[in-house]
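J.: Here is how the chains run, residue by residue.
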Amino acid sequence: MTSPPRLARSLAAFAAVVTLVLATAFAGCVVVPQNRRKHLADPMMRFQTDGLDAHAHQKLYGSREAAAGGDGTPAGGGCACQ
Amino acid sequence: MTFTPALLTLLLTAVTSTAPPYEIESVRLRYTQFHQTGVGYQSAAGPPGAPGSEWARVEQPQAEVTARLGERITERVWIPVDVVTAASPDHSRYDRPYDAVDTVSTASRSTPSGTVDTFTTYHWDRVTDFTMRAAFHIEEPFESWIVGLGASRSFAEDNTVVGVSANQILDWFDHFSLDGNRHGRATRSTTNVNVDVTQVLSPTTLASFSYGGTIQVGTLGNTWSSVLLADGSRGEERLPGHRLRDAATARVAQWLPWNGALTLSYRAYLDSWGIAAHSSEGTLAQRLPAGLTLRANYRIHWQSAPGFFTIAADPSGLGFRTSDSDLGRLHAQTFGGALLLDLPLARRLRDLHVDIGYERYLRSDNLRVDVTTCAVGFRF
Numbered sequence: 001m002t003s004p005p006r007l008a009r010s011l012a013a014f015a016a017v018v019t020l021v022l023a024t025a026f027a028g029c030v031v032v033p034q035n036r037r038k039h040l041a042d043p044m045m046r047f048q049t050d051g052l053d054a055h056a057h058q059k060l061y062g063s064r065e066a067a068a069g070g071d072g073t074p075a076g077g078g079c080a081c082q
Numbered sequence: 001m002t003f004t005p006a007l008l009t010l011l012l013t014a015v016t017s018t019a020p021p022y023e024i025e026s027v028r029l030r031y032t033q034f035h036q037t038g039v040g041y042q043s044a045a046g047p048p049g050a051p052g053s054e055w056a057r058v059e060q061p062q063a064e065v066t067a068r069l070g071e072r073i074t075e076r077v078w079i080p081v082d083v084v085t086a087a088s089p090d091h092s093r094y095d096r097p098y099d100a101v102d103t104v105s106t107a108s109r110s111t112p113s114g115t116v117d118t119f120t121t122y123h124w125d126r127v128t129d130f131t132m133r134a135a136f137h138i139e140e141p142f143e144s145w146i147v148g149l150g151a152s153r154s155f156a157e158d159n160t161v162v163g164v165s166a167n168q169i170l171d172w173f174d175h176f177s178l179d180g181n182r183h184g185r186a187t188r189s190t191t192n193v194n195v196d197v198t199q200v201l202s203p204t205t206l207a208s209f210s211y212g213g214t215i216q217v218g219t220l221g222n223t224w225s226s227v228l229l230a231d232g233s234r235g236e237e238r239l240p241g242h243r244l245r246d247a248a249t250a251r252v253a254q255w256l257p258w259n260g261a262l263t264l265s266y267r268a269y270l271d272s273w274g275i276a277a278h279s280s281e282g283t284l285a286q287r288l289p290a291g292l293t294l295r296a297n298y299r300i301h302w303q304s305a306p307g308f309f310t311i312a313a314d315p316s317g318l319g320f321r322t323s324d325s326d327l328g329r330l331h332a333q334t335f336g337g338a339l340l341l342d343l344p345l346a347r348r349l350r351d352l353h354v355d356i357g358y359e360r361y362l363r364s365d366n367l368r369v370d371v372t373t374c375a376v377g378f379r380f
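Chain order of the listed sequences is A and B.
For what it's worth, the working numbering labels the leading residue of the first sequence as 1, then goes sequentially.
For what it's worth, the working numbering labels the leading residue of the second sequence as 1, then goes sequentially.
Chain A extracted, bound-state conformation:
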């Protein structure tokens, strides 16, 4: 069950993360013009190779570890995944 201290800790973590996200988003710390971003557009720089590969990894980890979810993907759903 969700005990109040743990819930509070989760909410605090959520608040901290959202604050950090917003701060990062609107900081505008660096502006690299488009003509200097060719390396960033290289497929090797992608955080995930493709959606099908990501799904295979989700299958590998989501049903064998108790820490799925986040990363733009929901936890649970499908089979008996944890």
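If you are wondering where the hints come from, they were derived from the structure by calculation, not from laboratory data.
Warning: the hint list may mix true and false statements.
Claimed, not checked - Restricting the straight-line Cα-Cα distance to at most 20 angstroms, the calculated cross-link-like pairs of lysine to aspartate or glutamate (DMTMM-like) are: (1) A:Lys38 <-> B:Asp158; (2) A:Lys38 <-> B:Glu59; (3) A:Lys38 <-> B:Asp351; (4) A:Lys38 <-> B:Asp342.
Add chain B to chain A, keeping to what the hints say.
T.: The following block gives chain B in isolation, referenced to the frame of chain A:
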């Protein structure tokens, strides 16, 4: 009534005249095989009082088609199929008799499952996209409906991209007891929100930060996992009826001067069952001649167990309990590699992509999974 043909003609003309041109952008096919060996306390397919077999094999073909409808809409249709042995009980629908539960009886059943997943992106303007997801998943004892909405917007000459998304999943599955008997149906609701930011840090460095929060309510186990009791027998698993999960991930990608790239990530996880987890992953890619790319990856994962995890539960106890090894305290490592081939082509077919890869997943409780994958993709 005489107006009907004219009205239909008018409607047909209107629809066909405004329908955007349909153009397939890419087609991708991937086949992955997971071969798992090891034992787990939730499985009764072993000697009394000891963990049972977790042997399983999963065959997973996937197909994906991405198409552009006019200037503003991109549609992705994705169909993953899993054929799992030793995963779940056979289903009782369509008046078919159901069999006993795999993990209680024999670890030899075959359970096919499939999903149809559509993801639509609407390009509102040059910097703003809206997305909608609708999916349906089915396997023998289980059905799942998924809907999602999202939006992303870029700032500072596309140096910063902020995205938000929300998903709702409803699972509907058979409730089995340990003896393999079915006791009606159970449901589970999963609500998920995500926020992510991708930031250009330099002409060769990219960073990303994301948060995902998930609330689950309902029957959160599969209902047929067993718990090892102190007297050597087995009892049913009992889990809380809700779960709040938080995950935050930071990633960085660095271009390397020798035509390579390094990506690193760290993920922190915390949930209301008391499970905390940390995962770190690194991928090193190196471009080779003739369109080849070599990739190596390593991941390490630590997780703690919930307070109600046990392998010697009180037989008369009424509280929460689980012996599921996946929920236990563990650490796991994954290492692997892949060889990718990207060939630019002429005319109608712009690019051809082929890759083949292998990974090994090793867990501290001796569970092992060998993953073999290959893919082919076309860009038009």
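J.: Against this structure, judge whether each hint is valid.
T.: So, going through the hints one by one against the coordinates:
Between Lys38 (chain A) and Asp158 (chain B), the direct Cα distance comes to roughly 13 angstroms. Compliance with the 20 angstroms bound is thereby established for this hinted pair. Restraint check for Lys38 (chain A) and Glu59 (chain B): the C-alpha separation of about 37 angstroms exceeds 20 angstroms, so the hint is violated. For the proposed pair Lys38 (chain A) and Asp351 (chain B), the alpha carbon gap of about 18 angstroms is at most 20 angstroms, so the pair holds. For the suggested pair Lys38 (chain A) and Asp342 (chain B), the alpha carbons sit about 17 angstroms apart, so the restraint of at most 20 angstroms is met.
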